[in-house]
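Please model the complete structure; the sequences and the hints are all you need to start from.
Line by line, the protein sequences give chains A and B.
Going by the UniProt record's numbering, the first residue of the first sequence is number 1, and it counts up by one from there.
Going by the UniProt record's numbering, the first residue of the second sequence is number 1, and it counts up by one from there.
Reference excerpt, derived from the structure (chain A facing chain B, CB under 10 Å, subset only):
id	residue
1	N40
2	S41
3	A42
4	N43
5	L44
6	V45
7	D46
8	I48
9	L49
10	L59
11	N61
12	M64
A short list of chain A residues far from chain B (calculated; beta carbon distances all over 12 Å):
id	residue
13	T2
14	V24
15	S28
16	K80
Just so you know, the hints here were simulated from the structure itself, not pulled from any lab data.
Note that the Cβ used here is the ideal one computed from N, Cα and C, for glycine as well.
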Amino acid sequence: MTKDERYKKLKDIIKIYLPEDVSVANISMESHFINELNINSANLVDIILDVEDEFDIMLENEDMERMQTVQDALQIIEGKLD
Amino acid sequence: MTKNKLIQKLPYKTPFLFVEELLEINENGAKGTYTFSKNLDFYKGHFKDNPVTPGVILTECCAQIGLVCLGIYLLENDGSATTENIQIGMSSSTMEFLLPVYPEEKVTVTSKKLYFRFHKLKCAVKMYNSQGKLVCKGEIAGMIKSGANG
Numbered sequence: 001m002t003k004d005e006r007y008k009k010l011k012d013i014i015k016i017y018l019p020e021d022v023s024v025a026n027i028s029m030e031s032h033f034i035n036e037l038n039i040n041s042a043n044l045v046d047i048i049l050d051v052e053d054e055f056d057i058m059l060e061n062e063d064m065e066r067m068q069t070v071q072d073a074l075q076i077i078e079g080k081l082d
Numbered sequence: 001m002t003k004n005k006l007i008q009k010l011p012y013k014t015p016f017l018f019v020e021e022l023l024e025i026n027e028n029g030a031k032g033t034y035t036f037s038k039n040l041d042f043y044k045g046h047f048k049d050n051p052v053t054p055g056v057i058l059t060e061c062c063a064q065i066g067l068v069c070l071g072i073y074l075l076e077n078d079g080s081a082t083t084e085n086i087q088i089g090m091s092s093s094t095m096e097f098l099l100p101v102y103p104e105e106k107v108t109v110t111s112k113k114l115y116f117r118f119h120k121l122k123c124a125v126k127m128y129n130s131q132g133k134l135v136c137k138g139e140i141a142g143m144i145k146s147g148a149n150g
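Rendered as structure tokens:
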């Protein structure tokens, strides 16, 4: 799986949980889940659970705490896939 | 922790405590009861001259027994967290209502844990009336954290 493929898969997961006033076009590598994409902490958990299923990985509490932006998420996913 | 002690740890009191007795609680779920007193204030307005328990109150009752009691139990069992000053917030609920609940009815709520991860607890809940008929069912999720150590 290439980096672009992982990014696309992640975006597909994130878009399910975006509030109505945020569109997929707003998602960039630098987007902060809570501050910029307006995703609440409960939906962030849903994103993490979906990421685990999609990439077949297991995330820990520390991973969740580090996962502030889309880029952080991709880095964590890459680290787990290695 | 005894079931009575657990009820005392709930962050609710009259007129918004909807847990009477906790019958069962373990890693996977909870079971408890509540009797809707005819003196509850909302019956004066829901509906005019025809008191019926509002669906939102049934949902709240399911959440307090099924989600919050279970959440406190799970946090406590975790060992790492204190359950003093817990912070809770309902994050989603999808409910179906099948039968009305009238004043003075006693209901039994059962919940089954779907997952408890990253402070989010999601449960499948069911409420039965005293005839054992299903009154409402659904899924409720919330965030639950102990206040002291975040």
